[in-house]
Amino acid sequence: MNREKRIFDTQSIVLCALFAALSTIGAYIKIPISYVPITMQLTFTTLAGLLLGSCKGAISVSIYIIAGLIGLPVFTNGGGFGYVLQPTFGYILGFVAGAFVAGLIVGKRKEVSYSRYLLASFGSIAACYTLGTIYFHIIMNLYLGNNMGLWKILMLCVIPFIPGDVIMSLLASWVAKKIKYHLPL
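Using the working numbering, the first residue of the sequence shown is number 1, and each one after it goes up by one.
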């Protein structure tokens, strides 16, 4: 089959595996605070979308999640299928949506401006926050039986992280802009 028509050649598989591994490493670079620890996962999952594109970025993050769900200790607090009942698992699912959104915004352009990378990074954050907050609300209120309103969830899980995630977006955008031409994509 023609190289241009194949979605997953060896190079793509290696890059997806690399970003799945980077997501794992990002889980262990953490500052544990409140319900949601500060990690480098969002940086690496956003970079997956920025550099690999929407589909391959989302697939690389999905590989990371599947590895965690089958029991490999790749998440911040280990792994296993029981992780789906953690209130913060929605943010992990949000990494897939975030990588997809980032890749979608960057598109298949050969020349991408720093501002487009930054917009894509902010889109990744928004997707992650949205999915994660909805999931957190469902698990806390319906599964765990806590009566936690949206404002309290935002105060616990979103607002404290905005400054750091803005810095992460600046960093991820800068890194993507610098190395995009050096990756064989």
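A hint or two may mislead.
Have a look at the derived ranges for each label pair, beta carbon to beta carbon [said to hold, decoys possible]:
| hint | residue 1 | residue 2 | range |
| --- | --- | --- | --- |
| 1 | Trp174 | Gly80 | 17 to 25 Å |
| 2 | Ile31 | Trp151 | 17 to 25 Å |
| 3 | Lys108 | Ile13 | 13 to 21 Å |
| 4 | Asp9 | Gly78 | 28 to 36 Å |
| 5 | Gly164 | Ile138 | 23 to 31 Å |
Since the hints were derived computationally from the structure, they do not count as laboratory data. The structure presented is a predicted model; accordingly, all values stated were derived computationally and were not measured. Just so it is clear, CB atoms sit at the ideal spot from N, CA and C, and this is done for glycine as well.
Each hint, compared with the structure:
no.: 1; hint: Trp174 with Gly80: 17 to 25 Å; verdict: violated (36 Å)
no.: 2; hint: Ile31 with Trp151: 17 to 25 Å; verdict: holds (24 Å)
no.: 3; hint: Lys108 with Ile13: 13 to 21 Å; verdict: holds (19 Å)
no.: 4; hint: Asp9 with Gly78: 28 to 36 Å; verdict: holds (33 Å)
no.: 5; hint: Gly164 with Ile138: 23 to 31 Å; verdict: holds (25 Å)
When each numbered hint is compared with the structure, a violation occurs for hint 1 only.
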